Amino acid sequence: MTSTLTPPRSAPAPGTVAPPRRTRVLALPEARWALAATAAFLLALPLQLAGQPAWLWGPLYALAYVTGGWEPGREGLKALAGRTLDVDLLMVVAALGAAAIGQVMDGALLIVIFATSGALEALATARTADSVRGLLDLAPATARRLAPDGTEEEVLVEELAVGDIVLVRPGERVGADGRVLDGVSEVDQASITGEPLPVAKEAGDEVFAGTVNGTGALRVRVERDASDSVIARIVRMVEEASGTKAPTQLFIEKVEQRYSLGMVAATLAVFLVPLAVGDDLKGALLRAMTFMIVASPCAVVLATMPPLLSAIANAGRHGVLVKSAVVMERLGQVDAVALDKTGTLTEGVPRVTDVRPLPGSGLGERELTRLAAAAEHPSEHPLARAVVAAARERGLALPPAEDFGSTPGVGVVATVEGRRVQVGAPARLLGGADDAGAARAAVLAAETEERGRTAVLVLVDGVPVGVLGLADRLRPDAAATVASLTALAGAAPLLLTGDNPRAAAHLAAEAGIEDVRAGLLPQHKVLAVRELEAAGRKVLVVGDGVNDAPALAAAHAGVAMGRAGSDLALETADAVVVRDELATVPAVVALSRRARRLVAQNLVIAGVFIVGLVAWDLAGTLPLPLGVAGHEGSTVIVGLNGLRLLRERAWRRALTEGA
Numbered sequence: 025m026t027s028t029l030t031p032p033r034s035a036p037a038p039g040t041v042a043p044p045r046r047t048r049v050l051a052l053p054e055a056r057w058a059l060a061a062t063a064a065f066l067l068a069l070p071l072q073l074a075g076q077p078a079w080l081w082g083p084l085y086a087l088a089y090v091t092g093g094w095e096p097g098r099e100g101l102k103a104l105a106g107r108t109l110d111v112d113l114l115m116v117v118a119a120l121g122a123a124a125i126g127q128v129m130d131g132a133l134l135i136v137i138f139a140t141s142g143a144l145e146a147l148a149t150a151r152t153a154d155s156v157r158g159l160l161d162l163a164p165a166t167a168r169r170l171a172p173d174g175t176e177e178e179v180l181v182e183e184l185a186v187g188d189i190v191l192v193r194p195g196e197r198v199g200a201d202g203r204v205l206d207g208v209s210e211v212d213q214a215s216i217t218g219e220p221l222p223v224a225k226e227a228g229d230e231v232f233a234g235t236v237n238g239t240g241a242l243r244v245r246v247e248r249d250a251s252d253s254v255i256a257r258i259v260r261m262v263e264e265a266s267g268t269k270a271p272t273q274l275f276i277e278k279v280e281q282r283y284s285l286g287m288v289a290a291t292l293a294v295f296l297v298p299l300a301v302g303d304d305l306k307g308a309l310l311r312a313m314t315f316m317i318v319a320s321p322c323a324v325v326l327a328t329m330p331p332l333l334s335a336i337a338n339a340g341r342h343g344v345l346v347k348s349a350v351v352m353e354r355l356g357q358v359d360a361v362a363l364d365k366t367g368t369l370t371e372g373v374p375r376v377t378d379v380r381p382l383p384g385s386g387l388g389e390r391e392l393t394r395l396a397a398a399a400e401h402p403s404e405h406p407l408a409r410a411v412v413a414a415a416r417e418r419g420l421a422l423p424p425a426e427d428f429g430s431t432p433g434v435g436v437v438a439t440v441e442g443r444r445v446q447v448g449a450p451a452r453l454l455g456g457a458d459d460a461g462a463a464r465a466a467v468l469a470a471e472t473e474e475r476g477r478t479a480v481l482v483l484v485d486g487v488p489v490g491v492l493g494l495a496d497r498l499r500p501d502a503a504a505t506v507a508s509l510t511a512l513a514g515a516a517p518l519l520l521t522g523d524n525p526r527a528a529a530h531l532a533a534e535a536g537i538e539d540v541r542a543g544l545l546p547q548h549k550v551l552a553v554r555e556l557e558a559a560g561r562k563v564l565v566v567g568d569g570v571n572d573a574p575a576l577a578a579a580h581a582g583v584a585m586g587r588a589g590s591d592l593a594l595e596t597a598d599a600v601v602v603r604d605e606l607a608t609v610p611a612v613v614a615l616s617r618r619a620r621r622l623v624a625q626n627l628v629i630a631g632v633f634i635v636g637l638v639a640w641d642l643a644g645t646l647p648l649p650l651g652v653a654g655h656e657g658s659t660v661i662v663g664l665n666g667l668r669l670l671r672e673r674a675w676r677r678a679l680t681e682g683a
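So in the working numbering, spot 533 of the sequence shown is number 557, and the numbers just go up one at a time.
Hint data in this document are derived by calculation from the structure and do not stem from the laboratory.
Certain hints may be false.
Claimed, not checked - No farther apart than 25 Å at their CA atoms in a straight line, the calculated lysine to any residue pairs in the SDA-like style are these:
no. : residue 1 : residue 2
1   : Lys-562   : Glu-681
2   : Lys-562   : Ala-507
3   : Lys-347   : Arg-668
4   : Lys-562   : Val-350
5   : Lys-347   : Ala-51
6   : Lys-347   : Ala-607
7   : Lys-562   : Thr-680
8   : Lys-347   : Gln-625
9   : Lys-102   : Gly-286
10  : Lys-562   : Ala-552
11  : Lys-347   : Arg-671
12  : Lys-102   : Thr-140
13  : Lys-562   : Leu-679
14  : Lys-562   : Ala-516
15  : Lys-562   : Glu-605
16  : Lys-347   : Leu-59
No experiment lies behind these values; they were computed from the predicted model shown.
Make the full structure from the sequences, and use the hints.
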């Protein structure tokens with residue numbers, strides 16, 4: 025089944041209702057037909073097993089055949105008209121052949137399996153298209169354009185031209201890629217670069233459409249058309265990566281043409297050759313029917329699917345949603361890993377890591393934290409929330425702050441217990457001060473930043489008293505996960521991040537990663553993946569943000585972290601870590617490799633049965649009931665063997681192998 029992504033729609037005009045972004049399951053015809061086939065099968069099966077007359081359950085099985093089999097049958101006939109023979113048509117023929125010799129339930133089960141598989145593939149494709157279109161919602165539909173006389177005009181972002189001046193008020197999203205003309209603010213651009221903290225912006229700095237302005241107002245000159253913005257380019261990259269990604273097939277599908285053609289030709293030969301040498305029509309037909317049954321690929325198909333589906337179910341119980349059997353097979357093939365930083369290796373939330381009072385300030389760590397948190401308490405800035413959280417973790421009571429003020433890009437000021445407390449950027453608060461206290465504070469701030477922290481200076485009554493260091497904390501299981509992925513892939517992962525090189529290098533060292541590529545935009549991450557693929561590697565990308573989505577789409581397999589993951593990343597990725605436990609990534613890779621080993625075992629078992637039964641039928645006279653029993657027996661054996669991966673022990677073993 026092939027699919028393409030729907031081209032993104034333009035933003036709706038003001039006052040109009042945006043079309044729904046998420047496709048409902050039953051809106052897909054494949055899902056409706058699969059549901060009808062499954063319902064009919066589930067109604068018929070207990071009636072048959074209970075010994076009810078055939079007129080009760082027979083029509084229900086027939087309904088399952090029709091609703092589940094007509095579409096793959098139609099597609100198979102289309103392929104046949106194009107001189108190709110696919111496994112879908114062969115399965116429909118095999119199901120009808122099973123029904124013709126009385127194995128109605130077995131044929132219906134095969135139909136239901138194929139219909140459900142097609143519905144899941146259609147749903148995954150539709151949801152990916154939804155998420156790509158929904159990405160455009162990050163950018164606002166309208167912007168405030170400033171006329172030469174200073175008046176404001178609200179226009180659609182598509183109407184903005186290069187050179188226009190737009191006003192971005194506090195809390196609004198930036199409407200277009202451009203450069204700040206005047207104003208000072210802090211912009212949250214995590215959706216584009218992955219940086220965990222807002223970035224200070226002033227005259228001359230670049231801003232991106234879809235990023236969120238902080239507490240200051242900015243005047244921005246538009247430098248790119250809406251169709252060429254970073255957000256629009258991310259949309260195109262996801263579409264192109266999804267469209268150019270190599271077609272995914274299960275192992276058995278790669279040989280379906282040769283097997284299908286060979287089986288049809290052999291069945292005709294088994295029927296025609298005996299007739300040519302004088303055998304009677306009934307005997308030749310019976311031998312050919314027996315041959316078709318014992319040589320049909322039912323056992324081969326079930327040799328592949330149960331291990332992969334069982335692995336999917338087991339992973340799902342433990343918080344990893346793998347979207348298809350193809351994905352589960354691909355995860356076991358990876359031999360290179362690329363990891364995002366913020367929200368993937370880290371928790372994605374800044375925390376106070378260092379409290380460093382200046383010598384001679386008369387303050388200890390607790391008092392310095394208490395004063396800084398009291399001044400920051402009215403602020404909504406992420407760093408302010410981190411400082412307040414640090415004080416609460418230490419059980420500190422915060423006095424009220426009076427005369428609070430906040431300056432974007434600088435920091436906050438408040439009166440706490442009669443003292444004027446300032447908390448903010450060291451370079452801005454120190455200004456050009458050259459006294460000994462300022463010099464010591466600057467050295468302490470520089471040392472903190474050299475360790476990959478964000479330094480925050482605290483002044484009391486204009487005198488520097490200490491520095492706080494804040495950083496996005498590494499996940500507790502990050503280092504162990506990196507080591508596990510190194511062992512599984514045979515090479516150490518690389519770190520792909522939009523964060524600054526210093527912070528990235530420090531965190532990578534903690535996690536045990538040596539290959540660090542920092543300051544990357546989404547297209548740079550895709551280039552890094554393509555570079556590995558060009559070297560013959562099968563790349564697993566693990567990320568969580570909009571900026572990771574193109575790389576997730578381009579990779580051999582993509583895994584998204586579910587708790588803080590963007591909608592686009594979650595839909596683009598092949599698998600989602602729902603419980604946000606990083607250690608499950610190597611576990612699901614190990615589980616996939618176990619499933620692939622079981623698939624190989626099952627193919628050997630199915631092959632032995634098929635070869636043995638076919639040889640018996642050709643060399644002697646294989647009774648039809650015995651042929652059916654042997655064929656169904658092989659199907660049961662490989663099915664039960666694959667279901668071993670449903671057991672809890674299989675996941676525990678995968679965790680051990682992944683570790």
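Lys-347 paired with Arg-668 [C-alpha distance capped at 25 Å]: 20 Å, holds
Pairwise hint evaluation, Thr-140 against Lys-102, where the allowed Cα distance is 25 Å at most: 20 Å, holds
Does the alpha-carbon distance linking Lys-562 and Glu-605 stay inside the 25 Å limit? Answer holds: Lys-562 to Glu-605 is near 23 Å, not above 25 Å.
Check the hint pairing Lys-562 with Thr-680 against an upper bound of 25 Å on the C-alpha distance. Holds, at about 23 Å.
Lys-562 paired with Val-350 [C-alpha distance capped at 25 Å]: 14 Å, holds
Between the alpha carbons of Lys-562 and Ala-552, is the straight-line distance 25 Å or under? This hinted pair holds, its Cα atoms lying about 13 Å apart.
Under the criterion that the straight-line Cα-Cα distance not exceed 25 Å, is the pair Lys-562, Ala-516 satisfied? 14 Å, holds
For the pair we were handed, Lys-562 and Leu-679, check the Cα-Cα distance against 25 Å. 22 Å, holds
Holds or violated: are the alpha carbons of Lys-562 and Glu-681 at most 25 Å from each other? 20 Å, holds
Lys-347 paired with Ala-607 [C-alpha distance capped at 25 Å]: 19 Å, holds
Would you mind confirming whether the straight-line C-alpha gap from Lys-347 to Leu-59 stays at or under 25 Å? With a Cα-Cα distance of about 18 Å, the restraint between Lys-347 and Leu-59 holds, given a limit of 25 Å.
With a cut-off of 25 Å on the C-alpha distance, tell me whether Lys-347 and Arg-671 pass. With Cα atoms ~20 Å apart, Lys-347 and Arg-671 stay inside 25 Å; holds.
When the structure is compared with the earlier hints, no violation turns up for any of them.
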